[in-house]
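Using the sequences and the hints given, assemble the complete structure.
Residue numbers (the numbering used here), protein chains in the order written: chain B, 1 to 162; chain G, 163 to 263.
Hints listed in this document are in silico derivations from the structure and should not be mistaken for laboratory results. None of the values given here were measured: they were computed from a predicted structure. For glycine and all other residues, C-beta sits at the position ideal for the given N, C-alpha and C. Watch out, some of these pointers could steer you wrong.
What the hints assert, rightly or not - Here are the computed distance ranges between Cβ atoms for each label pair: (1) G:GLY215 x B:PHE70: 37 to 43 angstroms; (2) G:GLY215 x B:GLY129: 17 to 23 angstroms; (3) G:GLU257 x B:PHE70: 21 to 27 angstroms; (4) B:PHE8 x G:ASN245: 39 to 45 angstroms; (5) G:MET261 x B:GLN115: 45 to 51 angstroms.
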Amino acid sequence: MSEAVFFFLAAFTLASALVVVLNNQLLYSAIALLFTLFGVAGLYIFLWADFIAGVQLLVYIGGINVLIIFGIMLTNRISSVRLSQTNLQQGVGGVFAFWIFIIISIVISKTSWFQMTSAEPSETVGQVGTLLMTKYVLPFEAASILLLGALIGAAILSREAN
Amino acid sequence: MDELNNYLFISAALFSIGLFGVMTRRNGIAVLMGVELILNAANINFVAFSRFGGMNLDGHIFALIVIVLAAAEAAVALAIVINIYNNLNTINVDEASGMKE
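Printed below as a string of structure tokens:
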């Protein structure tokens, strides 16, 4: 049962990712990106990463995707119903991307990965919090400074020039 | 589903699709969506190796920091895109080539 759900989720994620890069209407692409991110959150749950799945829903779907939709709305003449755009050099790009995929696939299947069996944890939130406050406190603070810098930078960039 | 390779293949496919988007899209915001796909592919790898490497949670921390980076990057990139739109009245990346010479 869960096997079927897993493969459905994987196919769903990849299909909507294809819609993101191929659809000519930008808003449809943004909505398809929402479904892709949702599928990735489902994969995180299969990987026992409940906290990351929650963060994915909150930050990616609730934040970044809404931001992207705002960007589309602000940079197109909404009165023209079709917010369309064209792709350039799809043939060359497609061949190159497929070639990269083939190479990565060969590497993945030829490598014998180090794997350990482990029991499923009841929850990961507490352990992630402990790690963030002990071993990874410096990256945590650096990320805070980065967010502050991005906040100020975005505010200055998007302000009307005077 | 209890197989590391499945997740790695999904991640590789997602990465290639995102790369295709970044290379072929003309619209700046659509390029940004391709970048988000690539970052998600990297995150799947982090979490998958974390799960199959003995449920070591270090990979989760990396994934969290990548998500934070993606949020900061999206905010700044959209501010730049809106500025380009105000100045050039287009956000097609091939037309915004004023810094070339």
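Each hint tested on the structure:
1. G:GLY215 x B:PHE70: 37 to 43 angstroms: holds, 38 angstroms
2. G:GLY215 x B:GLY129: 17 to 23 angstroms: holds, 20 angstroms
3. G:GLU257 x B:PHE70: 21 to 27 angstroms: Once the Cβ atoms are compared, 22 angstroms apart, the range 21 to 27 angstroms for B:PHE70 and G:GLU257 holds.
4. B:PHE8 x G:ASN245: 39 to 45 angstroms: holds, 42 angstroms
5. G:MET261 x B:GLN115: 45 to 51 angstroms: Because 48 angstroms falls inside the window, the suggested range holds.
Hint violations for this structure: none, all hints satisfied.
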